[in-house]
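Protein chains in written order, with the UniProt record's numbering: chain A, 1 to 327; chain B, 1 to 503; chain C, 1 to 328.
Among the hints, a few may not be true.
[To be verified] With a straight-line Cα cutoff of 30 angstroms, these simulated DSSO-like cross-link-like pairs (lysine-lysine) come out:
1. C:Lys124 with B:Lys50
2. B:Lys218 with B:Lys306
3. A:Lys205 with C:Lys324
4. B:Lys117 with B:Lys70
5. B:Lys388 with A:Lys205
6. A:Lys214 with B:Lys117
7. B:Lys218 with B:Lys420
8. B:Lys218 with C:Lys324
9. A:Lys303 with C:Lys324
10. B:Lys218 with B:Lys20
11. A:Lys205 with B:Lys117
12. B:Lys50 with A:Lys205
13. B:Lys218 with B:Lys164
14. B:Lys20 with B:Lys388
15. B:Lys418 with A:Lys125
16. B:Lys341 with B:Lys50
17. B:Lys20 with B:Lys50
18. B:Lys50 with B:Lys306
19. B:Lys20 with C:Lys124
20. B:Lys306 with A:Lys214
21. A:Lys214 with B:Lys321
22. B:Lys70 with B:Lys20
23. B:Lys321 with B:Lys418
24. B:Lys418 with B:Lys341
25. B:Lys388 with C:Lys124
26. C:Lys124 with B:Lys70
27. B:Lys321 with B:Lys306
28. B:Lys321 with A:Lys205
29. B:Lys164 with A:Lys205
30. B:Lys388 with B:Lys341
31. B:Lys218 with B:Lys117
32. C:Lys324 with B:Lys321
Hints were generated in silico from the structure; no laboratory data involved.
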Amino acid sequence: MTDASLPTAPRRFRFDRHASTILLVAAILIYVVLVVALGQTRFLTLENLVAILGRSITLGITAIGQTFAILVASIDLSVASLISASAVVTSVVMNGDPAMMLPAVAAVLALGAVVGLINGIVIAKLEVNPLIATLGMSLVIQGVLSYYYNNFAGNVPAEFQIFAYGSWGIVPYSLLFMFALAALAWFVLRFTRFGSDIYSVGGNKDAARLAGIKTANVVIGAHVICSLCAAIAGIYLASRLRSGAPWIGAEGVYDLESIAVVVIGGTVLAGGRGGIWGTMAGVIIFSLIDSIFNVASVDAFVKQVLRGIIIVAAVAFYAARSQRPVA
Amino acid sequence: MSGTPVIEMRGITKSFPGVKALRGVSFACGRGEVHALCGENGAGKSTLIKILSGVYRPDAGEVLIDGETKHFSHPQQALLAGISVIYQEFSLLPERSVAQNLFLGREPLRNGLVDSKAMVAETRRVLGLFGVRHRIEPDTLVADLDVASQQMVEIAKAVSLNAKVIVMDEPTAALNEAECEVLFTLVEQLRASGTAIIYITHRMREVTRIADRVTVIKDGEVAGSFDQVPAPEAVVRAMVGRDISEYYPEPATPAEIGRPVLTVAGGNNSALRDINLELRAGEIVGFAGLQGAGRTALAMALFGAKSFATGTMTLDGETVKLNSPRDAIRAGIGMLPGDRKASALVLMQSVRDNGMLTARAFANLFGTADRNRFTDVDGMNALLDRIKVRAPSYEQEMRFLSGGNQQKAIVARWLALKPKVLIFIEPTRGIDVDAKASIYHLMRDLARAGTAVMMVSSDLPEILGASDRILVMREGRIVGEFGRSATETELMLAATGETDVAA
Amino acid sequence: MTDQTLARPEAKKRSLPHFNPVYVLVVALILAIIVMNPAFGEPTGYMNFLKRVTALAILSAGALYVIVSGGFDLSVGSIMTLTVIGSSMLASNDPNSTYWIIPLMLGIGAVVGLVNGLVVSYLKVPSLIATLGMMITLNGVAFMWSGGAPRGYLPDTFRFFGRYNITDVPVITLLPIAVICLFGFGAILWWGLHRTNFGRLLHAVGDNPQAARLAGVPVERVRISAFVVSALTAVLAGVILGGRAGVSVDIGSGFELQAITAAVIGGAQLLGGRGSVPATIAGALALEAIFTLLNLLGLAQPVRLVVQGLILIGAVALATYQRKRSGR
Numbered sequence: 001m002t003d004a005s006l007p008t009a010p011r012r013f014r015f016d017r018h019a020s021t022i023l024l025v026a027a028i029l030i031y032v033v034l035v036v037a038l039g040q041t042r043f044l045t046l047e048n049l050v051a052i053l054g055r056s057i058t059l060g061i062t063a064i065g066q067t068f069a070i071l072v073a074s075i076d077l078s079v080a081s082l083i084s085a086s087a088v089v090t091s092v093v094m095n096g097d098p099a100m101m102l103p104a105v106a107a108v109l110a111l112g113a114v115v116g117l118i119n120g121i122v123i124a125k126l127e128v129n130p131l132i133a134t135l136g137m138s139l140v141i142q143g144v145l146s147y148y149y150n151n152f153a154g155n156v157p158a159e160f161q162i163f164a165y166g167s168w169g170i171v172p173y174s175l176l177f178m179f180a181l182a183a184l185a186w187f188v189l190r191f192t193r194f195g196s197d198i199y200s201v202g203g204n205k206d207a208a209r210l211a212g213i214k215t216a217n218v219v220i221g222a223h224v225i226c227s228l229c230a231a232i233a234g235i236y237l238a239s240r241l242r243s244g245a246p247w248i249g250a251e252g253v254y255d256l257e258s259i260a261v262v263v264i265g266g267t268v269l270a271g272g273r274g275g276i277w278g279t280m281a282g283v284i285i286f287s288l289i290d291s292i293f294n295v296a297s298v299d300a301f302v303k304q305v306l307r308g309i310i311i312v313a314a315v316a317f318y319a320a321r322s323q324r325p326v327a
Numbered sequence: 001m002s003g004t005p006v007i008e009m010r011g012i013t014k015s016f017p018g019v020k021a022l023r024g025v026s027f028a029c030g031r032g033e034v035h036a037l038c039g040e041n042g043a044g045k046s047t048l049i050k051i052l053s054g055v056y057r058p059d060a061g062e063v064l065i066d067g068e069t070k071h072f073s074h075p076q077q078a079l080l081a082g083i084s085v086i087y088q089e090f091s092l093l094p095e096r097s098v099a100q101n102l103f104l105g106r107e108p109l110r111n112g113l114v115d116s117k118a119m120v121a122e123t124r125r126v127l128g129l130f131g132v133r134h135r136i137e138p139d140t141l142v143a144d145l146d147v148a149s150q151q152m153v154e155i156a157k158a159v160s161l162n163a164k165v166i167v168m169d170e171p172t173a174a175l176n177e178a179e180c181e182v183l184f185t186l187v188e189q190l191r192a193s194g195t196a197i198i199y200i201t202h203r204m205r206e207v208t209r210i211a212d213r214v215t216v217i218k219d220g221e222v223a224g225s226f227d228q229v230p231a232p233e234a235v236v237r238a239m240v241g242r243d244i245s246e247y248y249p250e251p252a253t254p255a256e257i258g259r260p261v262l263t264v265a266g267g268n269n270s271a272l273r274d275i276n277l278e279l280r281a282g283e284i285v286g287f288a289g290l291q292g293a294g295r296t297a298l299a300m301a302l303f304g305a306k307s308f309a310t311g312t313m314t315l316d317g318e319t320v321k322l323n324s325p326r327d328a329i330r331a332g333i334g335m336l337p338g339d340r341k342a343s344a345l346v347l348m349q350s351v352r353d354n355g356m357l358t359a360r361a362f363a364n365l366f367g368t369a370d371r372n373r374f375t376d377v378d379g380m381n382a383l384l385d386r387i388k389v390r391a392p393s394y395e396q397e398m399r400f401l402s403g404g405n406q407q408k409a410i411v412a413r414w415l416a417l418k419p420k421v422l423i424f425i426e427p428t429r430g431i432d433v434d435a436k437a438s439i440y441h442l443m444r445d446l447a448r449a450g451t452a453v454m455m456v457s458s459d460l461p462e463i464l465g466a467s468d469r470i471l472v473m474r475e476g477r478i479v480g481e482f483g484r485s486a487t488e489t490e491l492m493l494a495a496t497g498e499t500d501v502a503a
Numbered sequence: 001m002t003d004q005t006l007a008r009p010e011a012k013k014r015s016l017p018h019f020n021p022v023y024v025l026v027v028a029l030i031l032a033i034i035v036m037n038p039a040f041g042e043p044t045g046y047m048n049f050l051k052r053v054t055a056l057a058i059l060s061a062g063a064l065y066v067i068v069s070g071g072f073d074l075s076v077g078s079i080m081t082l083t084v085i086g087s088s089m090l091a092s093n094d095p096n097s098t099y100w101i102i103p104l105m106l107g108i109g110a111v112v113g114l115v116n117g118l119v120v121s122y123l124k125v126p127s128l129i130a131t132l133g134m135m136i137t138l139n140g141v142a143f144m145w146s147g148g149a150p151r152g153y154l155p156d157t158f159r160f161f162g163r164y165n166i167t168d169v170p171v172i173t174l175l176p177i178a179v180i181c182l183f184g185f186g187a188i189l190w191w192g193l194h195r196t197n198f199g200r201l202l203h204a205v206g207d208n209p210q211a212a213r214l215a216g217v218p219v220e221r222v223r224i225s226a227f228v229v230s231a232l233t234a235v236l237a238g239v240i241l242g243g244r245a246g247v248s249v250d251i252g253s254g255f256e257l258q259a260i261t262a263a264v265i266g267g268a269q270l271l272g273g274r275g276s277v278p279a280t281i282a283g284a285l286a287l288e289a290i291f292t293l294l295n296l297l298g299l300a301q302p303v304r305l306v307v308q309g310l311i312l313i314g315a316v317a318l319a320t321y322q323r324k325r326s327g328r
């Protein structure tokens, strides 16, 4: 519509720009109230806080990558399969040998880069709908992986388990790593031209093209970053589980959960708006929800049901106000 | 004009499936020249500009910059060659700041990182050139700006490139008189500094005010080329290509105008202030105003898409409360949206399906698709035949039809329901001249049959030619009422709020 | 823009419904199977093939309703699982229970579809996420119901639809009940999508929801109905699959993507506006035929996933390419 706004359009309070903070505060309050109400104040220690965060490293790393894909108005549903594949490759290549640590990591990162490159090219050059392109990629990865492995394969040397289990004081290395990665992602989005291009392409692809941006390259770049993050998440998971198996990614529902976390963090699915710290807030909210379930000792199956409902409710929380019809 | 033109286009031809958009168009613009490019909507101006800026590649012909042939395959190459375009549809990112928009795709770097300080400083400087430095802050989000300020940012973005050639595609559409004057001064400054400016408009006032040369495009061909600015009539004749009198149908006679069908008293909502109006059977009422003046908002309110918050609306004397388009249609109001592609057409469906859409929407969901209480397949075929929708077959997908035939099919959609009130928004945008005339005649036929017709248009000649009565809107209010004998100037002054100065 | 459209009589030929290549594909694949395994040409061979494909074919035709409306329904696999698990838990080996269990399951399916539709239409959650959430939820419910491991089994009256064959039929020797279901439900779904107002409005909503709304289409009601149809067909597919294959906890998993793949092979337009029930059923036949061929070639089960993924991407890429060539 042409008559978009009236002359009187002062800056109004935009609820959706602060929603992730509001949700985070709400989740913390619920947690604290519940813990106090149940008289289990031992859950309120710093150690426990760190433990809560530590449970979400895989999700956190994956979500950092997913933020890039969603900001550029794409999406990646292949992360769960890629996490499985990366974990299996990590443990199979290392196979208990500390000398193979570097080659294994290099191989997994190369795998991630290739997957991201293919996703990006199929989406940006062949113009395949990103949902379908990455779903297809997910099937391909899962198929190849299940063809060769049907159980835990290989193992990770003790030296490498430090990644998941080592800590600096009470803070695990992995947690520091996740926040360092988040800081790096924030830096890229905030201070580099590539970061600006991601927002531009996600916000309005045609405008970005008219301004001379090579939009296809930006989409491909975002997908490479997304897949690299998923690959790193797989490496971490192998280190934590001491071995990789072809179902661990799907079991963690990392595809859907990473998308949900990004959306809860205030990044819009249509692209062009949002950021990394919101995603981190989303990750913490999810960890808190998990902890609330634990404190309230909710049955595992009930937990799964509630998680499904919470994910949809969280997305609805943002989407319900949107004027555009969705499909 | 001497020497090599900065920019020259020779024999440009471009076709789209089913449409030949440009045929052998040649055009040049030299240093320090303002070259006005005129033509009706849909004449091919925008296609020409998109070829110039590297969005489209021409089927034949060449683009020369400083006498050198260039082949652009990406807009970036055109930018590097020094061509900057202010597009008609905004190319701004609403969720980014003014400074970020100004430097879209070419952010200044320091040590490899984006230099936000330099961006903000340069943005201030460029905005200062327009005298809007105090109105627009560099770090404001574009979404928080009003339409005119957004247009200013759009213009600033093009100017800040220090391009050799600046193309302005109807830059004043959303500006008031004072803002237009600022723009014209800026254009003069740019001309003095040697920039070549291609200025697209169909407003004769602007041509007379700033152009050095004029080229008129009609139906994809150059219809007139003037080395001096001619009398406005000559340009209009070249644009329209025939006498106005046969173009528009006869107006309604007093006897044809009947009882009031729709009235609104004290209508308000977030975009509209104190709307009072009356639409009468047999009458076409034209609504003029600037972009953002509330015309579309009014149409949407009458159609229930964004209803009035307060006020009363009556239809055939009965008070109605419309909360959705469905309510409005049930009550007997129809609407043809301005942006057909986004809001009216279901492009993958057949012509007939497009025509029958609303009739089916009000029929029994699980009844047959071939027949309902409003129309049936044969009836719709007959209707499409009668209003001369040209299509290889009515089974043809809508997307293959020309704009004019698409619009006629949408008219058929409403004719099948025989509405009491029909609202046309920008009824001839993107439609070729012949089809335009037939749309005007269709509107007139509808009115003669007793429908109250409301027409929202940004095309002043169209408003003057097709309406029986004209209402002008500004800032959400109806600010003036005119008869057919009004002039473009009168309407323009009312629309920009300078009636008091004139009087 | 000028009107360059042709005069009507001359172009009548062009208006002939163009032939969908999926039918050629199905015939070619089936010939290939017969060449590799002549027994397939016998009635028991192809009837068993049709019997095997029935659940997927019905499911795909139902999922097509949501695809044509512009969305995705990823919850259908979990609805099938829930149907099979729930029925086996409720039946407790009572043959008479089938008469109330199937209607009850259809009722549950309708509620699930309604919830999907409401969440998408009114809470504006993208259907992919809404139905993925529903999938997680329903799988959890199925687990809870069965306590993690399925107990009990389905009575023969329930398994009648998926397993029973009518024997001694002239010419074709045997006729599985499932094949009758395939034709019956296929016809109903064809009628609904191609012959009714609902079907045409569904196309319009998927093509351009904004235009549909402004043309007076009750967009929400139409869209919700599509999710209900999809969920109901998932229940039917679950009944047939459970009848054929028995009870297991992950019986429906993977079917949601197979259904989308079948629709895409059948030329359906993802994100709405175009799709055909017969072509989608042919797409399901083609997919199952490809799987059969892979089996005959001695390729392991996981290869199916790879092939399915490549088909999905390839078919959509091809469709995009063709649409770009024909002009938008």
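Results for each hint:
| no. | hint | result |
| --- | --- | --- |
| 1 | C:Lys124 with B:Lys50 | 36 angstroms, violated |
| 2 | B:Lys218 with B:Lys306 | 37 angstroms, violated |
| 3 | A:Lys205 with C:Lys324 | 18 angstroms, holds |
| 4 | B:Lys117 with B:Lys70 | 35 angstroms, violated |
| 5 | B:Lys388 with A:Lys205 | 38 angstroms, violated |
| 6 | A:Lys214 with B:Lys117 | 25 angstroms, holds |
| 7 | B:Lys218 with B:Lys420 | 36 angstroms, violated |
| 8 | B:Lys218 with C:Lys324 | 28 angstroms, holds |
| 9 | A:Lys303 with C:Lys324 | 46 angstroms, violated |
| 10 | B:Lys218 with B:Lys20 | 12 angstroms, holds |
| 11 | A:Lys205 with B:Lys117 | 26 angstroms, holds |
| 12 | B:Lys50 with A:Lys205 | 16 angstroms, holds |
| 13 | B:Lys218 with B:Lys164 | 27 angstroms, holds |
| 14 | B:Lys20 with B:Lys388 | 21 angstroms, holds |
| 15 | B:Lys418 with A:Lys125 | 47 angstroms, violated |
| 16 | B:Lys341 with B:Lys50 | 19 angstroms, holds |
| 17 | B:Lys20 with B:Lys50 | 15 angstroms, holds |
| 18 | B:Lys50 with B:Lys306 | 34 angstroms, violated |
| 19 | B:Lys20 with C:Lys124 | 41 angstroms, violated |
| 20 | B:Lys306 with A:Lys214 | 38 angstroms, violated |
| 21 | A:Lys214 with B:Lys321 | 50 angstroms, violated |
| 22 | B:Lys70 with B:Lys20 | 23 angstroms, holds |
| 23 | B:Lys321 with B:Lys418 | 20 angstroms, holds |
| 24 | B:Lys418 with B:Lys341 | 23 angstroms, holds |
| 25 | B:Lys388 with C:Lys124 | 40 angstroms, violated |
| 26 | C:Lys124 with B:Lys70 | 47 angstroms, violated |
| 27 | B:Lys321 with B:Lys306 | 12 angstroms, holds |
| 28 | B:Lys321 with A:Lys205 | 40 angstroms, violated |
| 29 | B:Lys164 with A:Lys205 | 25 angstroms, holds |
| 30 | B:Lys388 with B:Lys341 | 21 angstroms, holds |
| 31 | B:Lys218 with B:Lys117 | 47 angstroms, violated |
| 32 | C:Lys324 with B:Lys321 | 44 angstroms, violated |
Hints 1, 2, 4, 5, 7, 9, 15, 18, 19, 20, 21, 25, 26, 28, 31 and 32, counting from the list given before, are not met by this structure.
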